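Starting from the structure of chain A, add chains B, C and D where the hints point.
Chains as they are written, first to last, in my numbering: chain A, 714 to 1058; chain B, 714 to 1058; chain C, 714 to 1058; chain D, 714 to 1058.
These aren't lab readings, by the way, just hints derived from the structure by calculation. Note that the coordinates shown come from a computational prediction; the quantities given were computed from them, not determined experimentally. Note that beta-carbon positions come from the ideal geometry of N, C-alpha and C, so glycine has one too. Watch out, some of these pointers could steer you wrong.
Residues of chain B clear of chain D, computed beta-carbon distances all greater than 12 angstroms [claimed, not checked]: (1) Ile778; (2) Glu780; (3) Lys868; (4) Asp1019.
Here are the simulated lysine-lysine pairs, BS3-like style, with alpha carbons at most 30 angstroms apart [what the hints assert, rightly or not]: (5) D:Lys1037 to B:Lys777; (6) B:Lys993 to B:Lys1045; (7) A:Lys1055 to D:Lys1037.
Residues per chain, in single letters:
There are 4 protein chains.
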Amino acid sequence: MIIVMEHNATKEQLQRVTDFIANKGMKSYIHQGDLLNVVAVIGDEINLNAESIAALEGVANVKKIQEPYKLVSRVAHPEDTVIEFSNGVKVGGLEKPVLMVGPCSVEKDYEGLLKVAKAAKEMGCQFLRGGAFKPRTSPYDFQGLEEKGLQYLAKAGRETGLLVVSEVMDTMDISLLCQYVDVLQVGARNMQNFKLLKALGRIKKPVMIKRGPAATIKELLLAAEYVVSNGNPNVILCERGVKGFDSQFSRNVLDIAAVPIIRKISHLPIIVDPSHGTGKRYLIEPMGKAALVAGAHGLMYEIHHDPDNAMCDGAQSLNLDQFKEVTKSLNKLIGRIDYDNKNNK
Amino acid sequence: MIIVMEHNATKEQLQRVTDFIANKGMKSYIHQGDLLNVVAVIGDEINLNAESIAALEGVANVKKIQEPYKLVSRVAHPEDTVIEFSNGVKVGGLEKPVLMVGPCSVEKDYEGLLKVAKAAKEMGCQFLRGGAFKPRTSPYDFQGLEEKGLQYLAKAGRETGLLVVSEVMDTMDISLLCQYVDVLQVGARNMQNFKLLKALGRIKKPVMIKRGPAATIKELLLAAEYVVSNGNPNVILCERGVKGFDSQFSRNVLDIAAVPIIRKISHLPIIVDPSHGTGKRYLIEPMGKAALVAGAHGLMYEIHHDPDNAMCDGAQSLNLDQFKEVTKSLNKLIGRIDYDNKNNK
Amino acid sequence: MIIVMEHNATKEQLQRVTDFIANKGMKSYIHQGDLLNVVAVIGDEINLNAESIAALEGVANVKKIQEPYKLVSRVAHPEDTVIEFSNGVKVGGLEKPVLMVGPCSVEKDYEGLLKVAKAAKEMGCQFLRGGAFKPRTSPYDFQGLEEKGLQYLAKAGRETGLLVVSEVMDTMDISLLCQYVDVLQVGARNMQNFKLLKALGRIKKPVMIKRGPAATIKELLLAAEYVVSNGNPNVILCERGVKGFDSQFSRNVLDIAAVPIIRKISHLPIIVDPSHGTGKRYLIEPMGKAALVAGAHGLMYEIHHDPDNAMCDGAQSLNLDQFKEVTKSLNKLIGRIDYDNKNNK
Amino acid sequence: MIIVMEHNATKEQLQRVTDFIANKGMKSYIHQGDLLNVVAVIGDEINLNAESIAALEGVANVKKIQEPYKLVSRVAHPEDTVIEFSNGVKVGGLEKPVLMVGPCSVEKDYEGLLKVAKAAKEMGCQFLRGGAFKPRTSPYDFQGLEEKGLQYLAKAGRETGLLVVSEVMDTMDISLLCQYVDVLQVGARNMQNFKLLKALGRIKKPVMIKRGPAATIKELLLAAEYVVSNGNPNVILCERGVKGFDSQFSRNVLDIAAVPIIRKISHLPIIVDPSHGTGKRYLIEPMGKAALVAGAHGLMYEIHHDPDNAMCDGAQSLNLDQFKEVTKSLNKLIGRIDYDNKNNK
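So here's chain A without its partners, still in its complex pose (with noise of 0.2 angstroms):
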């Protein structure tokens, strides 16, 4: 920790803080410069409080030196967490990228679920995701099946041999959620809802956390921090847009660079979401196929097999005939980056 005073700070201001640092049980050294005095903090300064220093008289800023997560970062463990499901599909390090698709939310037609699941299958895809619980910013807007959602992916997985993905949004239903899913996500609007993510650290299914729309990149590995200090190591990460001054053209920016700067400060997974990241149809496959040379371990995207009545961002979804084409394209890409990774190994 680094502590800038104030250019005008006095000599007993500069005095407590030092004294501060030592009562704590550390040590510091002071750096006289020309216009500013500088003092460094020497050790483990996670348990430091940052703010009680720079709320002291005299203190002009704090500097951290340290990230403030631990487990999550590869300065503690430096290799890949990869997660391996019970039909052996693996997410992470240099496995081949994986494809979660499905739609938006889960709705009372399963046929319709069931031909999506089908298709993705086909496909190649890995995973089926659904909403069961849906968050939606307007209270007019369609709530989700709830439990009956959950049912449906459940059986839509089973049918086809799919791995099943819903967002859970209050940890009542966390239990409910570990009947029917293999994944568990956390929705951007849910990123720091602690106390959904410490009862997401006590069990032992796999959680997707998706960055916030204002979340910095420290935030969400703060956010992963939580759920593996509190006990699952399983965690995936993924990057979905985050809200810019330009929202005419697509609905977030999404932020393709977090992929390669996840990828070297952490050893978790890290997915990408061009459907939500962008809000429209066309970008899925461009910003897809950034995603995958960008190092992405897989990515989620929006299929309907109805869009145009779909209950909720048919917008952004593909209808099945646009995502077999999409999907031939991507997997074109993932051919050549899992051939890449092989001979990297």
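Here is chains B, C and D on its own, set in the frame of chain A:
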């Protein structure tokens, strides 16, 4: 609703759009432009799914005319909502702006909290705030006293005659909070926790919703609409800063303009939190004053009897002496605003 | 300067960093942490290229301690800069806040401009503003009257005794502007036109720099540093809103906190433009008041004798009746602030 | 154009709006909704001033249907613009993506620049880039070699057969640049320097416009429209990252989606600069690949023969060995894209 067709949309695609609208029992008119065709839908569009229409082939974009919120809008409810508490304190409309103060989190030292409450009462504040369940970005930070914290708050409130505000983080905790507090606060990170918002619509106690760090004003109003449409009209909004690109000198960008904007389009009370909005102690006074002259119905800011040893947010908390000085200055302004309001009533 | 090494940096890489610093004639100290090594550089770092150091192998990141601006900082120049004009008007420090008003662009109708100027004088404003060279986002919008516009402005200024402000868009136009105006304004879109800033450093007339829509406070101060370091100390800063993610109700986010922040770290005057900052006529009064109580040295806002037929920005311009009403309310507040300032001097 | 009236607008206000439109020689239709009235204007709205209408009493907001750019839009010009250089190199459409590389700034050491140029040629790059006039945020940073830098660039270009790109910062320098370079670059900070854009419309050499750090895609296209509407159709666009709220790991957010979006709505070539877009050397390769698969017509990135001693942007420059390795990987991908494009022609 206005539907703009692609410049190369076919006649059949246009027909399909107007059929779709007719099937929903609504009327539409086609305006043929030189370059583009535009379809105007007439009538109450709140139940017409814009996404389904945007998903139709040949549609370039869909512009909604009506706002998606109803109950919180001045269009349907022109008079200000004024929330009245059992002790006669009123929030909203042309009532005297209120002050909500207290520590970021309630800590073990009850005497410290009581000192804060007494100082608050002495300076004419109406509410004591304090976190019992703390949403912390890092799992290694202090997580709050939970029920014991609520007991302390309620006790300090009773001893001083202050109303009590505290954050609810989970639907499971709502009934617990209701036993101890006068206002249940929804934190910025939970602003779109829709399960929580719905559940808060089923209680009668006032709910204060903090604007999320990347939430638009429309999204904030829709969050309030969740509570109101589920049966609880007692909602207070709170601006507390949004994420910006420059966090060197201020943690967030305090969006003061949200105050006059919300007062124009909604009847709900809107208060401002300059502590979280800036993260700097020295900015509480100027930004608090700015919020008040812009029309805020109240301010919420952080004070601590011993900020150097606070468990959270010390750097943005005022100590008791600073608190008295700042509040004296704010009270002078509040007095003038109250005088002007009374003459305008 | 603090140099944080990668956690797996080698001894040789560390040596290379300290050698690099020694070669520049500066001293450094190495702090060995449990996880990371940190190198502290002591002395005036303004001439040490952080980028070169960040480029060395094994360096994780470089944190500058000193701010990169010198002349505009309070560290080196603690007293407020107060700019005094030939007619005795003063801007900055604890002087009475000033008002700069006028149309977005000067138009062909001189009588209209004169009406505006007379109303401005009558209401106690000190400056007449108007664009002669208009930076318009679209090439199809009105581009300004150029020299004729400057002549009109100067004439209206002379007839009413108002000082005149207009925007300079190109180094080639500086000498022309100097013949007609009292303050040369650098527009937000030109804030980092460094050729222009340098050239403005070589004149003596005051320069007003508007903050760019994505400029940090540091970048704004560095733009001012360009002018001051080239010889012209007469710089006024202007906050006019930054780009945000929500432009539904307000074109930009007016960053009121920039006022008290800049007053703390710099000695230069800072004014606020609530017209461009919001784009809405009804927000000029509340946001103007907010800026004043937060410490702004003045306001700039747009008025037009016939906004319905304005060539630009009609929607954010006040007509003459609205102008008088708003300005009456602002003057009341200015009177109180001036009274308080005089008692604080 | 769609004009939405306030919910409480009067009949007279509505009449005034339709009269205003009729006076401009255009037709309008009124749609009476349950809550709001809407006026639709039919015809080419490009010359109708939305601001004047928005300024009328009773108008809630104005939604433009037509985009404000014409010449750069695919609506009016469906075929791709392909810019061909004297040596046969082509940029745009389905041509093979190009590589533009070189140092951030041209420095005194000509031999160093030549080394870079030779390596670029060897790796199949088409353009040598380098700054002679440097726009630096701080006045204390290196400001460029000016004409000598241009001479060096041109000489290195001739010796290797590379085309040359350099930035123009001021209208006064255009003719000088034209003597030495093949493409005149407009820097991100000058993207809305409209005097410069207009002047560049009067030359014939290709102009490359970099997207400003807070510029929307519409604003970028309007900047290009300035050049094209003044007579120069040879414009290349360049995405180089926009300001975001998280700059801890990447200086800007590289908006890869801008590539497929711009290719859909405009016929102009669009390239990507992953060096400035991220500020990190290790991100050039993954982000360069992402840009290429998303459809970029080329990449621009920084290399330096001795990054540790570069005068600017060392941390984001590749040294010659890194350059060769990265470019080998990019060339492999370019080869595949070129193969696919040829089969799609």
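Each hint, compared with the structure:
The claim that B:Ile778 lies off the interface is violated: its Cβ sits roughly 6 angstroms from the closest Cβ of chain D, which falls inside the 12 angstroms cut-off. Its closest Cβ contact with chain D, about 10 angstroms, brings B:Glu780 to no more than 12 angstroms, contrary to its assignment away from the interface. Interface exclusion of B:Lys868 from chain D stands, the closest Cβ pair being 40 angstroms apart, more than 12 angstroms. Here B:Asp1019 stays apart from chain D, with its beta-carbon at least about 32 angstroms from theirs, past the 12 angstroms limit.
For the suggested pair D:Lys1037 and B:Lys777, the alpha carbons sit about 52 angstroms apart, so the restraint of at most 30 angstroms is broken. In summary, the hint linking B:Lys993 to B:Lys1045 is supported, as the alpha carbons are separated by about 22 angstroms, within the 30 angstroms threshold. About 23 angstroms separates the Cα atoms of A:Lys1055 and D:Lys1037, which keeps this hinted pair within 30 angstroms; it holds.
Of the numbered hints stated above, those contradicted by the structure are hints 1, 2, 5, listed in ascending order.
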